[in-house]
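Engineer: In the numbering used here, the protein residues as written are 1 to 502.
It should be emphasised that the hints constitute simulated quantities derived from the structure, not laboratory data. Do not take every clue at face value.
[As the list claims (entries may be wrong)] DMTMM-like mimics (lysine to aspartate or glutamate), calculated; alpha carbons at most 25 Å apart, straight line:
1) 236 - 266
2) 468 - 191
3) 267 - 339
4) 40 - 259
5) 374 - 339
6) 374 - 259
7) 494 - 428
8) 61 - 100
9) 471 - 187
10) 4 - 19
11) 4 - 376
12) 61 - 149
[Claimed, not checked] Here are the computed distance ranges between Cβ atoms for each label pair:
13) 485 - 373: 26 to 36 Å
14) 159 - 311: 40 to 50 Å
15) 201 - 459: 19 to 29 Å
16) 72 - 427: 41 to 51 Å
17) 432 - 181: 40 to 50 Å
18) 77 - 461: 30 to 40 Å
19) 430 - 205: 47 to 57 Å
20) 145 - 77: 13 to 23 Å
21) 399 - 106: 45 to 55 Å
22) 421 - 150: 20 to 30 Å
23) 373 - 501: 54 to 64 Å
24) 194 - 266: 45 to 55 Å
25) 77 - 159: 40 to 50 Å
Built from N, CA and C at the ideal position, the CB exists for glycine as well.
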Amino acid sequence: MDRKKVPVLVGVGQLVNREKTPDQMDPLKMMTEAGRIAAKDAGINDLTGIDTLYVVNCLSKSLENPCEKLSEKLGCTPAETGYTGIGATAPQWFVNRVAERICTGNSELALICGAEAFYTHGKALSLYQAMLDFYAENRSRVRSSCVGDMRVPYSVLEERYGLVMPLTMYSLMENALRAHWNMSVEDHFRDLCSFCARSSQIASRNPFAWSLKARSAEEIGTLNETNRMVAFPYTKLMCSNMTVNQGAALIMTNLEKAESLGIPKEKIVFLRGFGDADDVWLVSERPDMWASPSVRVAVNQALDHIPLSIDEIEYLDFYSCFPCAPRIAREMLDISREDPRPLTVTGGMPAFGGPGNNYAMHAICRMVDTLREKPDSFGLVQALSWYISKHSAGVYSGSPGAIPNIHENKDRAKLKNEGYQPVNVVAEARGKARIESYTVLYDRDGEPYAANVIGREEDDNRFIAKIKPEKNVLEQMTREEIIGKPGRVEYDSKDALNWFYF
Numbered sequence: 001m002d003r004k005k006v007p008v009l010v011g012v013g014q015l016v017n018r019e020k021t022p023d024q025m026d027p028l029k030m031m032t033e034a035g036r037i038a039a040k041d042a043g044i045n046d047l048t049g050i051d052t053l054y055v056v057n058c059l060s061k062s063l064e065n066p067c068e069k070l071s072e073k074l075g076c077t078p079a080e081t082g083y084t085g086i087g088a089t090a091p092q093w094f095v096n097r098v099a100e101r102i103c104t105g106n107s108e109l110a111l112i113c114g115a116e117a118f119y120t121h122g123k124a125l126s127l128y129q130a131m132l133d134f135y136a137e138n139r140s141r142v143r144s145s146c147v148g149d150m151r152v153p154y155s156v157l158e159e160r161y162g163l164v165m166p167l168t169m170y171s172l173m174e175n176a177l178r179a180h181w182n183m184s185v186e187d188h189f190r191d192l193c194s195f196c197a198r199s200s201q202i203a204s205r206n207p208f209a210w211s212l213k214a215r216s217a218e219e220i221g222t223l224n225e226t227n228r229m230v231a232f233p234y235t236k237l238m239c240s241n242m243t244v245n246q247g248a249a250l251i252m253t254n255l256e257k258a259e260s261l262g263i264p265k266e267k268i269v270f271l272r273g274f275g276d277a278d279d280v281w282l283v284s285e286r287p288d289m290w291a292s293p294s295v296r297v298a299v300n301q302a303l304d305h306i307p308l309s310i311d312e313i314e315y316l317d318f319y320s321c322f323p324c325a326p327r328i329a330r331e332m333l334d335i336s337r338e339d340p341r342p343l344t345v346t347g348g349m350p351a352f353g354g355p356g357n358n359y360a361m362h363a364i365c366r367m368v369d370t371l372r373e374k375p376d377s378f379g380l381v382q383a384l385s386w387y388i389s390k391h392s393a394g395v396y397s398g399s400p401g402a403i404p405n406i407h408e409n410k411d412r413a414k415l416k417n418e419g420y421q422p423v424n425v426v427a428e429a430r431g432k433a434r435i436e437s438y439t440v441l442y443d444r445d446g447e448p449y450a451a452n453v454i455g456r457e458e459d460d461n462r463f464i465a466k467i468k469p470e471k472n473v474l475e476q477m478t479r480e481e482i483i484g485k486p487g488r489v490e491y492d493s494k495d496a497l498n499w500f501y502f
């Protein structure tokens with residue numbers, strides 16, 4: 001084993017600032033502090049030797065040249081820097097890229113940082129506006145300075161129907177998952193509440209969680225002024241909480257460098273395998289609204305490095321912006337719903353907090369702390385971007401193994417080999433049709449005001465449609481299963497929209 005080519009994590013730093021005071025840290029200050037905490041954790045006296053610096057995209061505050069400014073604050077002059085666009089795979093994706101650089105001898109000491117301060121800055125720069133700004137033509141200069149995947153995650157047609165915000169997309173996928181499991185609306189809602197309660201209990205034991213209160217299933221499912229329904233079947237307490245001040249950082253190096261720096265053996269955690277994969281990019285074109293086969297591709301890439309089966313991984317942390325995300329990952333990896341392993345060691349984004357694109361950094365830090373206590377165990381961190389559109393995965397352990405095999409992840413686009421091809425979506429639909437999935441949206445008073453459906457025409461073409469906002473119809477859609485129900489779809493040329501009628 002060439003110790004210069006073995007990627008290891010040696011320092012992790014997290015912080016949470018729950019107090020609303022005038023001197024609260026902004027995201028760049030939080031990253032600086034998190035980086036220094038990570039250095040202290042590793043026993044590194046200064047960060048001047050950092051040769052690779054990566055920063056996760058910040059949504060709560062627009063950052064210009066964050067890598068350059070962070071380098072100045074930390075006193076380092078990295079040869080390699082990178083700032084991502086929007087996408088929550090970024091932390092694990094950066095870990096994977098650093099591993100490649102270490103294995104090819106291009107990096108000896110790397111720092112990865114990220115932070116959000118929505119609690120301080122409020123939502124003046126909303127997620128929706130940040131998305132629109134980032135993909136607007138006048139932001140091409142900013143996009144050209146970013147690294148990673150810059151594709152627009154939604155189509156013009158999806159945007160026409162308001163299928164842009166993650167909440168809307170994930171509630172569509174959640175309802176499709178319920179139908180796939182053949183669960184009743186009532187049983188599914190109870191299952192959702194129990195799942196979120198278990199994650200909340202894990203978050204309550206994490207000192208860096210935004211909420212340290214363990215909420216019960218009953219509390220999560222009870223509708224009131226502070227916990228309204230937001231998009232059926234999700235209550236507010238089931239959704240990622242972005243109104244947080246949280247930051248995290250980690251330091252990577254090679255095993256030989258770690259030993260030369262005198263880093264204690266018990267501090268070293270090994271990246272044993274990693275992988276990345278893309279799904280069919282547009283949600284409306286996916287054959288199954290409840291599925292994401294690419295997570296299997298990414299995780300299997302990571303496991304094949306070792307090799308291990310998913311059943312041999314003791315600790316899991318699946319990305320958890322909305323409840324369907326980790327449960328779809330579980331489904332795709334053939335993990336039984338009765339499997340006793342929690343799907344998070346961190347606590348999930350509704351309870352732990354959803355610091356923009358940086359949640360997976362906290363998950364990796366938490367996994368490192370977990371494996372330091374159980375060095376012979378293995379842990380898997382899976383991150384995703386957008387609407388379960390792509391995945392990055394890493395397998396970690398406190399014990400060393402073979403050097404991960406570096407490759408170009410050529411399986412990223414090979415889902416066609418699994419027969420998973422985009423379906424045809426028509427803009428103008430007419431005639432008999434059936435519903436594949438749907439969502440009902442609620443206003444701030446908890447009243448339903450709109451609904452979208454995804455469906456198929458008789459010839460099996462896919463369409464997107466709206467439903468007339470009649471309160472009795474919208475309420476019916478939340479009480480009984482309508483997926484699979486027949487109806488008709490009509491295209492209205494005046495508003496350029498399809499309308500579905502039962």
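Engineer: Hint by hint, note whether the structure agrees.
Structural biologist: Status of each hint after checking the structure:
1. 236 - 266: violated, 40 Å
2. 468 - 191: violated, 30 Å
3. 267 - 339: Since the Cα atoms of residue 267 and residue 339 sit roughly 30 Å apart, the hinted pair is violated (cutoff 25 Å).
4. 40 - 259: holds, 16 Å
5. 374 - 339: Measuring from Cα to Cα gives roughly 20 Å; hence the hint holds.
6. 374 - 259: holds, 20 Å
7. 494 - 428: holds, 12 Å
8. 61 - 100: violated, 30 Å
9. 471 - 187: Holds: residue 471 and residue 187 sit about 23 Å apart, inside 25 Å.
10. 4 - 19: violated, 43 Å
11. 4 - 376: holds, 22 Å
12. 61 - 149: Holds, at about 21 Å.
13. 485 - 373: 26 to 36 Å: The hint (26 to 36 Å, Cβ to Cβ) is violated, given that residue 485 and residue 373 are roughly 51 Å apart.
14. 159 - 311: 40 to 50 Å: holds, 41 Å
15. 201 - 459: 19 to 29 Å: violated, 48 Å
16. 72 - 427: 41 to 51 Å: holds, 50 Å
17. 432 - 181: 40 to 50 Å: violated, 27 Å
18. 77 - 461: 30 to 40 Å: Given range 30 to 40 Å: violated, Cβ gap about 56 Å.
19. 430 - 205: 47 to 57 Å: Given a distance of about 55 Å, which is inside 47 to 57 Å, the answer is holds.
20. 145 - 77: 13 to 23 Å: holds, 19 Å
21. 399 - 106: 45 to 55 Å: For residue 106 against residue 399, whose Cβ atoms are near 26 Å apart, the range 45 to 55 Å is violated.
22. 421 - 150: 20 to 30 Å: holds, 24 Å
23. 373 - 501: 54 to 64 Å: With Cβ atoms ~58 Å apart, the hint holds.
24. 194 - 266: 45 to 55 Å: violated, 36 Å
25. 77 - 159: 40 to 50 Å: This hint holds: roughly 42 Å between Cβ atoms.
Violation of the numbered hints given earlier is confined to hints 1, 2, 3, 8, 10, 13, 15, 17, 18, 21, 24; the remaining hints are satisfied by the structure.
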